[in-house]
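Asker: Chain by chain, the residues run as shown.
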Amino acid sequence: MAKKAAKKIKILMAKPGMEGHWRGLVSVSNALRDGGFEVIYGSNMTPEEIANTAVQEDVDIVGLSIMSSNYVMLFESVIKALKKAGKSDVMLLIGGIIWAEDFDKLKKMGATGVFPPGTPLKEIVDFVKEKTAALA
Amino acid sequence: MAQDNLSPSGIPIKDIYTPEDIKSLDYKKDLNASGEPPFTRGPYPSMYRGQAWTARRLSGFNTPEETNELYKEEYKLGQTGFSVAPDMTTCSGMDADDPRAAAEVGHAGVPFSTLQDMEICFAGLPIDKMSTYLADRIGGVLTSMYLVMAEKRGIPMAQVRGTSANDLLAWSALNLLNQVGPEAELRYAVDLIEWCAEHAPKWNSLSIDSYNARDNGINAVQEIGLAMSNGIQYIEEEKKRGRVPLDKFVRRFSFNTAVHNDIFEEACKLRAARRIWYKIITERYGIKDPNCAKFRVHVQSSGSTHTYQEPYNNIIRIAFQVLAGVLGGAQSIHANGYDEAICLPTDQAMLLSIRTGQLIQYESGVTRTIDPLGGSYYIESLTNEIEKKVWEIIDEVEAQGGLAKAILKGWVHRLYRDAIVNYEGKIQTGEIPVVGVNIHRLDKVPYEVPIFKPDPKRSTARQIEKLKKLKKERDNAKVKQCLAKLEEDTRKGLNVMPATIEAVRNYATLGEICALQIKVYGEWKHPMSI
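Taken in order, these protein sequences are the chains called A and B.
Numbering (our numbering) for the first sequence: 1072 to 1207.
Numbering (our numbering) for the second sequence: 1176 to 1705.
Be aware that one or more of the hints could be misleading.
[Stated by the list, open to error] Simulated crosslink set (DSSO-like; lysine-lysine; CA at most 27 Å straight-line): (1) A:Lys1200 / B:Lys1619; (2) A:Lys1179 / B:Lys1632; (3) B:Lys1628 / A:Lys1178; (4) A:Lys1193 / B:Lys1601; (5) A:Lys1079 / A:Lys1176; (6) A:Lys1176 / B:Lys1628.
[Said to hold, decoys possible] Rough simulated footprint, nothing fancy, chain B against chain A, three-plus residues with beta-carbon under 8 Å: (7) 1088-1094; (8) 1150-1158.
No lab work stands behind these hints, which were simulated from the structure alone.
Backbone N, C-alpha and C fix where the C-beta goes; we use that ideal spot for every residue, glycine too.
This is chain B alone, in the form it adopts within the complex (with noise of 0.2 Å):
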């Protein structure tokens, strides 16, 4: 066995695997058919077989009005689900005519302010037909505007189809202004989980979400420590409140990790996920029903592997990546675009990323059966590492009284600082080696690649003067009557969602809302030191 043979989690890799290492594998308890308990190979009994997964691209970009002409052409491309990035901005938490955001709107992402911009963005779209993933920053108000939305144009909320990232692992991991703490987030995310498990029962109200996490620099195994503590970490806090049953609170939750370099080792990653998260929610809490039990995850390409230094080889290591996901029985692939490491996705790069999960599905044969990898020495015993691993992490965040809490101690922060030195640490030695980049590195750029170019001035031009439109013909009394009302209801520690969607319907911009959370909870700086 070759030395310091090391999965890039640190797992020992043999050099070759045989029935020795799987022998305490019991096929019933451990795997078992797609579709049954511990779900390992898969959560749907048919995968892809039955269907293949969703193909969705987080995307949006200078104003709801072009991100809508996107997500248009999109459509016409055959992608089945739309994911819709919100500009800095709008993650911020601020208004476009918000002092501090003069640089940012329309910046990577798309605005939204108020009901008004949501309704842009989707005119003339079959949301009734589709569903769509709202990288929703904490507190529902992207969720709110797109429910009543879709109310407005006469889909009941109950039978809206879409997803809320709503996780603060995800938004802790970027250090953003005008943001609250770990621990107001968590009440804020609980609270738009209730709600949708009452009146929005198709809705994914929480997207488990470890993908900005893992491209802080941590690996496979931390990555899903993480997002599994973080999953424990919601069912704690209603295990607390008790305003709804669990099986009821949970059924809903999915989750959104990265696909990185390593194929076997991503691919084990997701069926481990599946088999550790059946056992939280069958054995740690109790609940019957499987179906709450399945893990149900969207993958997206670890956009910290893509390269600034010949970008088409980005479009190869997107293929394996997804690939990857495919393995390992994703329900739901964004492919990023090769430029990501230059700038936001031109038509071509859109169009090869959808293209990618399309050639695995049609062309690769990877999907003739399920869970293909399954039973393989090497894939069986990495699953069973991997698992060991993962548990040991959520042992260590449950010590520091769950994950918010570890936030807040800085404690994933200084994982996060520590994983970014020691990875980038190997690829200034070569041993982590990235082609074209610290290995076979070319003295000339061997040829360049065409760059997307937003107006952002034109954005924030044309976001601001709508707005201020909007903010004089809405009726600004009422809109002072739902702040408040939401004002007292987060005070009371009641349910935030009914006051947020009145001010949201009422045409409260996302700024007023949130500054309001600042007002209630305070800012929260980003625990990050070197």
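Just chain A, with the same shape it has in the complex (with noise of 0.2 Å):
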């Protein structure tokens, strides 16, 4: 008989705008998969769908992709959403088109990682595995 396996992190995947570009949400989503994390992909989805989400699925981190510049908007959205729906205690991932000069308001924010395009996924993956080894 096996060990019990460890409580395995579930992570929502999800972009909250309206702009198409899916891609990265779909390559950083199967990589989480593939480093062994339960990925929920979410696809595009408002602030208030995010926050529902997370909370019916009881999800451990959000992960969040935007492609166009309103992404600080878009962020205070989503985390307004989720405090409303009183899952706050969630780890934020925000990966896509950031400009350098906001990674730290990004995080002041709540963003626990900023991943630009042309991180190396396995970087995302190990980060999110540092960042969650003791949940596991």
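Dock chain one against chain two, each of which comes alone in its own frame, and use the hints as you go.
Answerer: Spelled out as structure tokens, the structure:
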């Protein structure tokens, strides 16, 4: 009989905006799943849908992918919706077209990790593993 | 021969090609002169010797007012055609005051809620002398706005020149809210094609658009396979309806593809596509007029190849891609801004984009003769190989009952998903090298580039205010009546265009019209999964 498996970390991957550049979301979602995480591929969702899904699925992490320059606005909306849904404790990751000058701002707002285009997938997976080592 | 020397489409490439590789080539039958069937060497006899490609940049931002200023600038720079990128709100069939759209108005494009926005966007521009491409979502609403705008300026609809995207492959590749399914999109797309064939014969009512599909990770062969299958299904639909003779129906079809990194494969892709389209039109559908069988194409450099790291490298990538388009004989070209992976283009990036084509046109010498690659052992062999593989994809789609059904079943999105995972995997291992990203990557960021920052909050407020005022001033009883007529025609299976044009003329909004589409057909969810 195998040892009882450690709790699998659950990640919701979604795009809070309306634009259709979902290629990055698919790549990172696949890499995280292959890295041993349980991934819910949310595709494009409104901030409210993201928050509700995060609650229903009781996820540990919400990963957002945004390819338009309204990422600060969208990130704010997601944080607000999560708070409203009582899910502020979730770890937030954000990836996509993000200007270097905004990295710190997003981190201050609550992003644990910020990943611009061209970040090696392994780097993202390792980062998430490291940050969740205590949870697993 | 080196092992595993495959083209990006998986075609084995030899170290050297010889006459052996093209010995079965029949010049008259397989190539022929430009402007002669099967048009492999170009759709027109004189090609760039007569007229260079049209320089078009897909652009638009913030508000119709600011976009109007931008277009005037572009015109001054020598741009010969406009190419309108609607914002995500508009692409999603929503008005600026839609609560779902708050963060998106004026982002990555120009918002059009009503005819008024179209009038503002083109005010003072010589639309009688130029042609305009509209990245119009299915249903022909923006096209109707443009045609009515032109008519109000004294240009009869029958004289207006331009192109609508109007293509379900392109729109289904995105994951948009408020979108109807592929079979409903087929209906709307064919309605616009039929209507234009009768009433706006100079308007290219369909741009079969594989650009978005390509940027979802698929290769050149898959791209052309989907584009051709797409063309076939529009014709099949009209064959079923029998409202317009097929030669009239297909006459204004045009294509829009990506141009990716591999210069020769991309050039050969366009050459092969011309030959395949000719065969589809003449052999499969028996359409006699060779003018109907011309694959005319607008190409755009592949945004997915542009890197966030060392953005100036993208200038070189884009130049190679545009060169591939020129060597492949494209009729119209959009060179992306080098900063596409960072922001909407700055003025400097926009200027460079127009200059890229001009440098190739005026300085590189590649336009000195038509189809300069033609006859090369490698090029002709690669063109043949691409054609062979494209037919296989056409057959595969056919076996599923056509492209709309293949999309509905999720087959096309599985193709995207597999392609993305495969492509990204190869980038991670370095099998696909990306300079400055997975090879020769610098530890430090070597330089910074200027960033263009739109002011979306201002755009949203301004657009909402305009819309509010307009909704008060328009004849609301008339609008209601127009929308009721449109719904009735939609349900009856009549061509929706006459009712759409009337609704638009009376300042019905895009959101009101698109809400009707959803009411009749329901919203379609993107069949993507990981």
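Asker: Taking the hints in turn, state whether each one holds.
Answerer: For each hint, the structure was consulted:
1. A:Lys1200 / B:Lys1619: holds, 25 Å
2. A:Lys1179 / B:Lys1632: This hinted pair holds, its Cα atoms lying about 22 Å apart.
3. B:Lys1628 / A:Lys1178: Holds, because 21 Å separates the two Cα atoms, which is no more than 27 Å.
4. A:Lys1193 / B:Lys1601: holds, 13 Å
5. A:Lys1079 / A:Lys1176: Judged against 27 Å, a Cα distance of about 30 Å means the pair is violated.
6. A:Lys1176 / B:Lys1628: The hint holds at about 16 Å.
7. 1088-1094: holds (count 6)
8. 1150-1158: Coverage by chain B is violated for the region 1150-1158 of chain A (0 residues, Cβ < 8 Å).
Hints 5 and 8 from the earlier list are contradicted by this structure; the remaining hints agree with it.
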